[in-house]
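Enquirer: For reference, the chains in residue letters:
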Amino acid sequence: MNTKGTVFKYPDNVDTDVIIPARYLNTPDAKELSKHCMEDIDADYVNRVQPGDVMVAGWNFGCGSSREHAPLVIKTCGTGCVIAKSFARIFYRNAINIGLPILECEAAAEEIQAGDTVSVDFDTGIIIDHTSGKTYQAEPFPEFIQNIIKKGGLLASLKEM
Amino acid sequence: MGMTLTQKILAAHAGLETVNPGQLIRAKLDIVLGNDITTPVAINEFTKNGFSSVFDKDKIAIVLDHFVPNKDIKAAQQSKQCREFACAHCVSHFYDVGKMGIEHALLPEQGVVTAGDCIIGADSHTCTYGALGAFSTGVGSTDMAAGMATGEAWFKVPAAIRFQLTGKLPANCSGKDVILSIIGKIGVDGALYKSMEFTGPGVASLSMDDRLCICNMAIEAGAKNGIFPVDDVTLSYLEGRSERTPKIFEADPDAVYEQTIDIDLSEIVPTVACPHLPENTRPAAELGHIKIDQVVIGSCTNGRMEDMEAAYKTLNGNTVAPGVRCIIIPATMQIYKECVQRGYVTAFIDAGAVVSTPTCGPCLGGYMGILAAGERCIATTNRNFVGRMGHVDSEVYLASPATAAASALTGYITYPKEV
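Residue numbers (my numbering), protein chains in the order written: chain G, 1 to 161; chain X, 1 to 419.
Just so you know, not all the hints are guaranteed correct.
Computed spacing ranges between beta-carbons, pair by pair [claimed, not checked]:
hint, chain 1, residue 1, chain 2, residue 2, range
1, X, I349, G, E106, 47 to 57 angstroms
2, X, S266, G, E32, 47 to 57 angstroms
3, X, S205, G, Q50, 55 to 65 angstroms
No lab work stands behind these hints, which were simulated from the structure alone.
Bear in mind the structure is a predicted one, so any value in this text is a computation, not a measurement.
Here a beta-carbon is modelled for each residue, glycine too, at the ideal position from N, C-alpha and C.
Construct all of the structure, not just a fragment, from the sequences and the given hints.
Expert: Here you go:
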């Protein structure tokens, strides 16, 4: 599995309220929700994002609410993966459970610039910035989590047990 | 190696003698919780993946609290979906309008959660129940669905930060000032993935409402959970309340903590978190003349009886400043009723405040107190992110009920007097 696309860059502590504002949480419909992805921090994101594009952010990405709608809208609007210095723990769990690829890599999150073309190999954790020519190695997932991802999410993995 | 209180509870629920930080375990759950926003997503996942029955109808709690009484047609559809699922699976802890309260005030009050429990909830503030000496943490809807189906969840055993409490809080301070001070000190990711373990001689002086408020905001420091040891305060709170027998766990004397932070409660001052992060804290006394348009006293953080008492003490016989909207939301029907019986509601209305039925409403910018562009609110809620209570150009300042009520009277953020 891999993705290649243009980078959208965000700061530290991007919270779930800006990823998907609670005022839209009166529906569980992912397509409808995804029209508002990142609206309060980058209103143009949903118009500019192309399938496979890469979100790059600082520390504590996804802090705040437990709403699974947050990773879901990022995935549904076509984002290929999120690279951050660190993730808030509930967001991290939710992203794995719903199948949004996420990678922790401090150096990549620091150096990659908005607009760069980046490709990511999820199996190896290798991130290549084609604009700068630099390569980064992200932390691999523990085996336990890799199994959940391979089986297609948490519930699918439970069915096999 | 000794275990922390959190590690002891997790080990017991995983059927293991010992656990170590970083270890991945599967643990049995005592309660699986969801609300009217997160449960519909969980129900869809549950159904889509072919599950037809819940693991234990008595160990699932579904509380309609975020957008009820329903704010619009879509919210009504979500509530209806929860209601039908709860009915179909005979979920015994289903709380609808008339019985409901804000989940994290309601479940302890009703004795649904107790000491020694292992709890997950599809709501980030599920960490509240650590106040009772339980392991309790927020998860997403898929985890809730898996929990409802299997009665288990996977966890990475957390390392711990110990908060060694000494002294006693000044009269104008409460649990909210303690937790805001701590978040100000360690930051919004200061306890990321870790447990916050509150210990020390200062614990005994904190009321259950203070402890519930402190654990409630552990997530705002990034923590997996916050937890207090079980003592006389816990036992007297649980007595006559708990549906199940409380189990008392204790940290090992040689438990390992990554860090110990000393907190002298007598040095805590009324504290305010300025926009747009809970870590942007300042002593209330040092803030300049910050004019406010709205005050919200309520939420899963501060909508309990002691919070209502603090609001009453300040507002009774006084008048809310012109141009300020003061919204008071008792967190459960029982608290609401007690506010009526004690005459608080009359005093609040006479002061020019409004009193709402229990709801999370304004805290997350749902309804019942949304801010316009350029407006500013002081709230006893838990988050002050961009756009949290309304327009992206509005501002939320977080504070205790005493500070919020004092500010309602003056129209600007105000240091609460010593009572």
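Enquirer: Each hint should be assessed against the structure and marked as holding or not.
Expert: Each hint, compared with the structure:
1. X:I349 / G:E106: 47 to 57 angstroms: With Cβ atoms ~54 angstroms apart, the hint holds.
2. X:S266 / G:E32: 47 to 57 angstroms: holds (52 angstroms)
3. X:S205 / G:Q50: 55 to 65 angstroms: holds (57 angstroms)
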